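Single-letter residue listing:
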Amino acid sequence: MIHLKNVAFGYQGQPHLFKDLNLKLRSGSITGLLGKNGAGKTSLLKLIAGLLFPISGELDVLAHEPRKRQPSFLSKVFFVPEEFHLSSISIARFVKANGPFYPDFDHALMERLLTEFELAGQQVIDKLSYGQKKKVLISFSLATRCRLMILDEPTNGLDIPSKTIFRKIVAGALDEHQLVLISTHQVKDVETLIDRIIILDEGNVIMEKDMLEISAQLQFKNSHVLDEDHVLYSEMVPGGYKVITPQRNGDSSVDIELLFNAVTKGNKIFSHASK
Amino acid sequence: MQANNIFSFTRFGMLFRQSLIHNYRMILLSGIGFCGGLFILLFLIQFGTDFRPLTLRNYEILFMMLFSGLGIICAGTAFPDFRRRERALNYLLIPASPLEKFLLQFGNRVVLFVVITPALYWLVYNVEGNVIKIFYPHFSFESQLYLFPRPHPDAESLEGLIYTAVFSVILLMLVIPFTGASAFSRQPIIKTLFSLATIFFFNLFVAYVMFKVLGLQHYHPDSSAGILFVVHGAEDVFYVVAISAMLMSIGLLTAAYFKLKEKEV
Chain X
669 MIHLKNVAFG
679 YQGQPHLFKD
689 LNLKLRSGSI
699 TGLLGKNGAG
709 KTSLLKLIAG
719 LLFPISGELD
729 VLAHEPRKRQ
739 PSFLSKVFFV
749 PEEFHLSSIS
759 IARFVKANGP
769 FYPDFDHALM
779 ERLLTEFELA
789 GQQVIDKLSY
799 GQKKKVLISF
809 SLATRCRLMI
819 LDEPTNGLDI
829 PSKTIFRKIV
839 AGALDEHQLV
849 LISTHQVKDV
859 ETLIDRIIIL
869 DEGNVIMEKD
879 MLEISAQLQF
889 KNSHVLDEDH
899 VLYSEMVPGG
909 YKVITPQRNG
919 DSSVDIELLF
929 NAVTKGNKIF
939 SHASK
Chain U
2 MQANNIFSFT
12 RFGMLFRQSL
22 IHNYRMILLS
32 GIGFCGGLFI
42 LLFLIQFGTD
52 FRPLTLRNYE
62 ILFMMLFSGL
72 GIICAGTAFP
82 DFRRRERALN
92 YLLIPASPLE
102 KFLLQFGNRV
112 VLFVVITPAL
122 YWLVYNVEGN
132 VIKIFYPHFS
142 FESQLYLFPR
152 PHPDAESLEG
162 LIYTAVFSVI
172 LLMLVIPFTG
182 ASAFSRQPII
192 KTLFSLATIF
202 FFNLFVAYVM
212 FKVLGLQHYH
222 PDSSAGILFV
232 VHGAEDVFYV
242 VAISAMLMSI
252 GLLTAAYFKL
262 KEKEV
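One line per chain: the protein sequences are X and U, in this order.
Residue numbering for the first sequence follows this note's numbering, beginning at 669 and increasing consecutively.
Residue numbering for the second sequence follows this note's numbering, beginning at 2 and increasing consecutively.
There may be inaccurate statements among the hints.
[Claimed, not checked] No farther apart than 25 angstroms at their CA atoms in a straight line, the calculated lysine-lysine pairs in the DSS-like style are these:
id, chain 1, residue 1, chain 2, residue 2
1, U, Lys264, X, Lys736
2, X, Lys877, X, Lys704
3, X, Lys687, X, Lys764
4, U, Lys260, U, Lys192
5, X, Lys736, U, Lys260
6, X, Lys736, U, Lys262
[What the hints assert, rightly or not] Just the calculated beta-carbon pair ranges, DEER-fashion:
id, chain 1, residue 1, chain 2, residue 2, range
7, X, Ala731, U, His233, 31 to 41 angstroms
8, U, Phe195, X, Glu870, 53 to 63 angstroms
9, U, Phe168, X, Arg694, 32 to 42 angstroms
No lab work stands behind these hints, which were simulated from the structure alone.
Predicted model, so just to flag it, every value in this text is computed and none were measured.
The beta carbon of each residue, even a glycine, is placed where N, CA and C say it ideally should be.
Between the sequences and the hints, there should be enough to build the whole structure, so can you do that?
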């Protein structure tokens, strides 16, 4: 679905952000894109959406070259940016104006999602809070039934109940032909949602794995004492340690924050776990 | 719908409809503002001249001033979504082709303006005149029909050519700010005027060097001496103006299209 081969990209007058980026993503997953500030997450999302153009390399998204921004490509992709603008019209009018561009637009789903988020079609977008506007945009993106959905910091501005609803509706509204790419700093918000993780650091993909694969290899737990022999990575927390050890006794839920810290600090946890 | 990625009438219709739904308030307010403003302006002019009706000449001059000023503002504020990064992002991701987006902007900001403004001007002029007549019966209002100055009777044979040249210049006058609006994100009208002034003064400098420094003013070629094109008389001047203005408009519109197509956010 998404294939980046030796992609180089940089902003004018600045060193290259990506020098030789390679990435392959398939449909039927909710992929989390993680990285430190300035790692290039948003730039990568914009390259995939065709909003930025690579300097060199090949970029294939849904069998299209994104930079051409062809209607047949754009009608299959929906991008929810972190900062966005919506016209000062009612939600119903917004749907009426923009829905027809997406051939698979699901009006019933849109209505259901708005109800879940406690919004009504007659509400004027301009009078909504930032979080409510974001809910409108997220609902609209899911109702388009686009094959590729790109969400940049989708939970920013959402209150706690809305984050729960967000996870529920994203998980429930997708099928195996779709791919959701979520870039976020709020890893706890999407921990139970994503099934694949990509970690970006200094312009390179330093980890790309399925959650199942991670939990099959690694165990994440809290410990009062630090058993140095088995621990692959640890962080001191109040009352003990958060540790990553090789998987020994079945699965454990993946602590993405701990995993992210371990990987970005250069720990070879996966190669050590398989020894 | 998806087979043609260059232009589709269905998609263009959807884009037009979307633009109407998003901007209907602004369109309505602009129309009311123009009509109301013109009504008040005409009243003030007539009030200041003791309710003497406008002569045809004044009627035309007022129209040309309004048309030029508003035309530059209207064309210079094309691509309004480019003024803010978040809006530009939304706009570029609308599933329509760059050509459809370009044609919609050109149609709204240049073609519709050229068609609607004279009609609205004529309408407001007549409505205002008839309304004033009710309150001031001594006001001898006359309806005006023509919007553009008629050529001098001696130049009637060149009428078609003159109108072509005038049309080409008007088009260029609107296309310049339109192209500026596609190229500059912030304050496009000011930046376009600045760029235009820079180009003008550069050309003036080149002309000065060619004529005064290199002595080109002393060169008087004979058209029989194998020179490709030498301007002789009014007809040639109108040809040169019409063709060069048209070529410049085409060049600038092409540049505006590619600015839209290659826009990165």
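Each hint, compared with the structure:
With a CA separation close to 11 angstroms, the supplied pair Lys264 (chain U) and Lys736 (chain X) stays within the 25 angstroms bound. This hinted pair checks out: Lys877 (chain X) and Lys704 (chain X) have alpha carbons roughly 18 angstroms apart, not beyond 25 angstroms. Between Lys687 (chain X) and Lys764 (chain X) the alpha-carbon distance is near 42 angstroms, which puts this suggested pair outside the 25 angstroms criterion. Taking the CA atoms of Lys260 (chain U) and Lys192 (chain U), the gap is about 16 angstroms. The hint holds against a cut of 25 angstroms.
Between Lys736 (chain X) and Lys260 (chain U) the alpha-carbon distance is near 13 angstroms, which keeps this suggested pair within the 25 angstroms criterion. Of the supplied pair hints, the one linking Lys736 (chain X) and Lys262 (chain U) holds, its CA atoms being roughly 8 angstroms apart against a limit of 25 angstroms. Roughly 60 angstroms separates the CB atoms of Ala731 (chain X) and His233 (chain U), a value that falls outside the hinted 31 to 41 angstroms. At roughly 40 angstroms, the beta-carbon separation of Phe195 (chain U) and Glu870 (chain X) lies outside the given 53 to 63 angstroms, and the hint is violated.
One distance hint, 32 to 42 angstroms for the beta-carbon pair Phe168 (chain U) and Arg694 (chain X), is violated here, with the actual separation near 56 angstroms.
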